[in-house]
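Asks: Sequence:
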Amino acid sequence: MTNLDIGDLISYPVPLDINLLFAAGVVELAGGVLILIGLWTHLASLLALITMTMAYLIAHLAWFPALNGGEMAALYWAAFLVLFTFGAGPYSADAWLELRRQEKRQNKMEESA
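The sequence shown: position 37 = 37 (my numbering), numbered continuously.
Some hints here could point you the wrong way.
SDA-like, lysine to any residue: derived pairs with alpha carbons at most 25 Å apart [unchecked claim]: (1) K104 <-> W40; (2) K108 <-> D94; (3) K104 <-> H42; (4) K108 <-> A93; (5) K104 <-> I37; (6) K104 <-> G89.
Worth flagging that the hints you see were computed from the coordinates, not collected in a lab.
Build out the structure end to end from the sequences listed, making use of the hints.
Replies: Below, the structure is given as structure tokens:
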């Protein structure tokens with residue numbers, strides 16, 4: 001069984017011998033593509049936030065990011081937090097889908113009135 005070790009204090013067994021590096025790579029690749037096109041940005045950035053948090057806690061656990069090489073993980077964490085908070089913006093697939101949903105609702109309301 002694989003263990004997820006956070007520093008020397010915490011150790012969690014991971015079921016089914018899942019390779020955590022592979023899982024992190026899949027989340028980063030899929031999340032990066034989704035964020036790039038602006039589709040499901042809140043969900044993708046939340047998953048990336050969790051991945052960056054775990055990467056920092058597992059690989060860079062110390063007091064300050066500049067002392068332990070974790071400044072990039074902390075920087076990406078902050079960027080994903082901004083995307084999770086504010087969304088993708090007006091020129092994203094999420095905004096386009098929301099515009100289509102609003103147009104359909106408007107058409108239904110006009111038909112029923």
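Asks: Keeping to a limit of 25 Å between CA atoms, is the pair of K104 and I37 held or broken?
Replies: Given that 25 Å is the threshold and the Cα spacing comes to 23 Å, the pair holds.
Asks: Hint check: K108 vs A93, CA-CA at most 25 Å. Holds or violated?
Replies: Cα-Cα ~23 Å, so holds.
Asks: Does the alpha-carbon distance linking K104 and W40 stay inside the 25 Å limit?
Replies: Within the cut-off at roughly 20 Å; holds.
Asks: Given the hint that K104 pairs with G89, test it: the Cα-Cα distance must not exceed 25 Å.
Replies: Answer holds: K104 to G89 is near 21 Å, not above 25 Å.
Asks: Please verify whether K104 and H42 have alpha carbons no more than 25 Å apart.
Replies: At roughly 23 Å apart (the allowed maximum being 25 Å), H42 and K104 satisfy the hint.
Asks: Would you mind confirming whether the straight-line C-alpha gap from K108 to D94 stays at or under 25 Å?
Replies: Holds, because 21 Å separates the two Cα atoms, which is no more than 25 Å.
In terms of the numbered hints stated before, the structure departs from none.
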